[in-house]
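> Sequence:
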Amino acid sequence: MAKEGLVIVYDGKPILFREYEVLCGPVGKYKWITTHGRLDPKDIKDGRPLSCGHEKSGEALYAAVTSIHGRDYVGKASTKIRGMLYPHKGSEEKTKTYTVLCEV
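Heads up, the sequence shown is in my numbering, so the first residue is 8 and it goes up one at a time.
Certain hints may be false.
In silico BS3-like cross-links for lysine-lysine, where the CA-CA straight-line distance does not exceed 27 angstroms [to be verified]: (1) 103 - 38; (2) 52 - 103; (3) 87 - 38; (4) 101 - 87; (5) 96 - 63; (6) 52 - 36; (7) 49 - 103; (8) 101 - 63; (9) 36 - 49; (10) 10 - 38; (11) 63 - 49; (12) 38 - 101; (13) 38 - 52; (14) 20 - 63; (15) 63 - 103; (16) 101 - 20; (17) 38 - 49; (18) 96 - 20; (19) 63 - 87; (20) 87 - 103; (21) 101 - 52; (22) 101 - 10; (23) 20 - 10.
Quick caveat, the hints were computed from the structure, so don't treat them as lab data.
When you get a sec, could you build the whole thing from the sequences and use the hints?
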């Protein structure tokens, strides 16, 4: 998130949202689970990745977070991305190790 709102990358370009929704639920219903590389929901043993959007093609996207130099970056993971994509300094970056939001 940026100071001004939430930044996502769409079609390779960062987009700022000043209004957005925050997922809330019972404590213990959701958990961030560490994974690596391309997301395969069947490989997540302790939960089910939570789909939170889709690409233009209709492919499901999953909420993901990575920590770089002590700062958290929110982004997206899917079964086609070899890692996680996140907005950084006006472009889209990729990391192979990340956590994905799961229902437990």
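> Please go over all the hints and tell whether each is borne out by the structure.
Going down the list of hints, with the structure as the test:
no.	hint	in the structure
1	103 - 38	holds, 19 angstroms
2	52 - 103	holds, 19 angstroms
3	87 - 38	holds, 22 angstroms
4	101 - 87	holds, 13 angstroms
5	96 - 63	holds, 24 angstroms
6	52 - 36	holds, 15 angstroms
7	49 - 103	holds, 18 angstroms
8	101 - 63	holds, 19 angstroms
9	36 - 49	holds, 19 angstroms
10	10 - 38	holds, 25 angstroms
11	63 - 49	holds, 23 angstroms
12	38 - 101	holds, 22 angstroms
13	38 - 52	holds, 12 angstroms
14	20 - 63	holds, 14 angstroms
15	63 - 103	holds, 23 angstroms
16	101 - 20	holds, 14 angstroms
17	38 - 49	holds, 16 angstroms
18	96 - 20	holds, 11 angstroms
19	63 - 87	holds, 13 angstroms
20	87 - 103	holds, 13 angstroms
21	101 - 52	holds, 24 angstroms
22	101 - 10	holds, 22 angstroms
23	20 - 10	holds, 18 angstroms
Hint violations for this structure: none, all hints satisfied.
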